[in-house]
Amino acid sequence: MSISVRVGKVKLKNPIILASGTCGFGRELAEYMDLSKLGALSSKGLTLLPRDGNKGVRVAETPSGMLNCVGLQNPGVDAFLETELDYMVQTGAGVVVNVAGHSDEDYLAMVEKLDPYKDKIDALELNFSCPNVKEGCMVIGSSPKAIQSLVSRLRKLTDLPIWVKLTPNVTSIAETAKGAEAGGADAIVAINTMLGMAIDIRTRRPILHNNTGGLSGPCVKPVALRMVHEIYDAVNIPVVGCGGISTYEDVLEFMIAGASAVELGTISLVHPTRPVEIVEDLEKYVEQNKLEGLASLTGTLEMWR
Amino acid sequence: MKSEYKVQLVDKRVLGETCAVLTFSCPEISKEARPGQFINLSCSRFLKRPFGVMCTDEEKGTFSIGVRKVGKGTEDILASEVGEEFTVLGPLGNGFCFDGIKRLLLVGGGTGIFPIYFAACYAGKLGIPVTVVNGYRSKCDAFLYDDFSKVTKDFYVTTDSGDLGVKGTVMASLEELDDSLLNDATCLVVGPGIMMQKVSEWAKQKGISCYVSLEQRMACGIGACLVCVCKIKAEQEGKEFVHKRCCKDGPVFRAEEVIW
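Residue numbers (the working numbering), protein chains in the order written: chain A, 3 to 307; chain B, -11 to 248.
Take the hints with a grain of salt, since some may be wrong.
As the list claims (entries may be wrong) - Simulated crosslink set (DSSO-like; lysine-lysine; CA at most 30 Å straight-line):
1) K39/A - K219/B
2) K232/B - K115/A
3) K186/B - K141/B
If you are wondering where the hints come from, they were derived from the structure by calculation, not from laboratory data.
Keep in mind that this is a model prediction, so the values were computed, not measured.
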């Protein structure tokens, strides 16, 4: 019995990956759980230069979720390589490095810096979908052609698996996924947060000082599931499902919809030990149902005709 | 390894319509919590709510917090009854360091009076002389008045309405304090931002070292999500500020580091 899965050539001991931006580089959550029990960690989104992130209020609660506008506060890729990468490696979880640029050149420069560390990195995750920075990122992520063009340039720079994390804030996520596949991506990660707003009726101002923010948590799960399934149908590369996962049943739903693995994170902001509990629950599920593993669940959804 | 604890509400002391002291059973937190630290408590909503610890009772294995109604989450917490279960993370954050403190000047306002009470009791146990200055709106919300009176004889109160103590803000009372209470004193302020800023400026003028406990809208409370940052003066040259996490790097900061 094993709950290991593969995302293309990346082998994970289980399908649970901590989503970028919800776990830093692992240090804080390591106080609450044995990170080696997880499939992988995806780093805080890195930029070429350090970023302070957005000022003022960065969070607003919503029914079954939250909006955030952190704005990619991170130490920059150089400081990451110096002080954080080895920490992530020694956690014993797989290492996914999330990178976010303001322009094509930013992504090219970061991938060139990361490629020499390929022995320590399991996959690069291209963040084409952060809704909280004004330039780049989501602009690239909204255009299938721009995605294809950039991914194909990055493909030439590295043999590391390239995962493309897509924004749901588009008309057709199947089309942006196809762009990533055509550019040579190894996997699609979907979805990043949905652009949203919260208003203070007393001041008649947005609660978030960035005015808008990214919605995450259980409230986005139905949208994420639908999108994962659309992507699974549209491309031939693996899909990593992400959006509101809080229980092992949620993981199974995403896998049935077409995900080879999943990312989660908003739930660990409320229950920091939940990710390893989900791993244990998945092991029990496989054992109790006498399954050979979890991987065979991927894409087994039967639609009503 | 740290855990998320299941705790039970064991006592509820109502302090007026929108405020109460809630006591929970949790031997781990009652043993570990220090003044200035906080806990993150589950409520009927999605995220937990942060509260400064007000006191602990190691023998009974309990800790208490002061809760004031701010929104739906705190409203539901206040409506809960003894016996109800919650989940809680804590103690969280860096508390106030008592090492080398010769005399303590505590200044509280709003819900800040609850963690100030913990600091006053703790200093008392350590034999550190304590002065407390609390600012209230009026006599009817002068919470913990009797409790503070028992902890120190040097307890001063100001009210906006003037129906208890000195009329005005805490500044009115601080200006009047006898020098003997300020010599070699260290100041800790917990309250609204404007109050902490004013008291820090006053302390700087007086040459008193001053600490503040910052508050921001929070999510995880453990330093992972970066939503509760505050502006702290940067040590690096050419950089004005760094964003530090209230929850993990604070909530207690040296007043002179803070950019208001």
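For a C-alpha distance cap of 30 Å, please report whether K39/A and K219/B respect it.
The given pair, whose Cα atoms are some 36 Å apart, is violated under the 30 Å limit.
Does the alpha-carbon distance linking K232/B and K115/A stay inside the 30 Å limit?
Cα-Cα ~27 Å, so holds.
For the pair supplied as a hint, K186/B and K141/B, confirm whether the alpha-carbon distance does not exceed 30 Å.
holds (25 Å)
Checked against the numbered hints given earlier, this structure breaks only hint 1.
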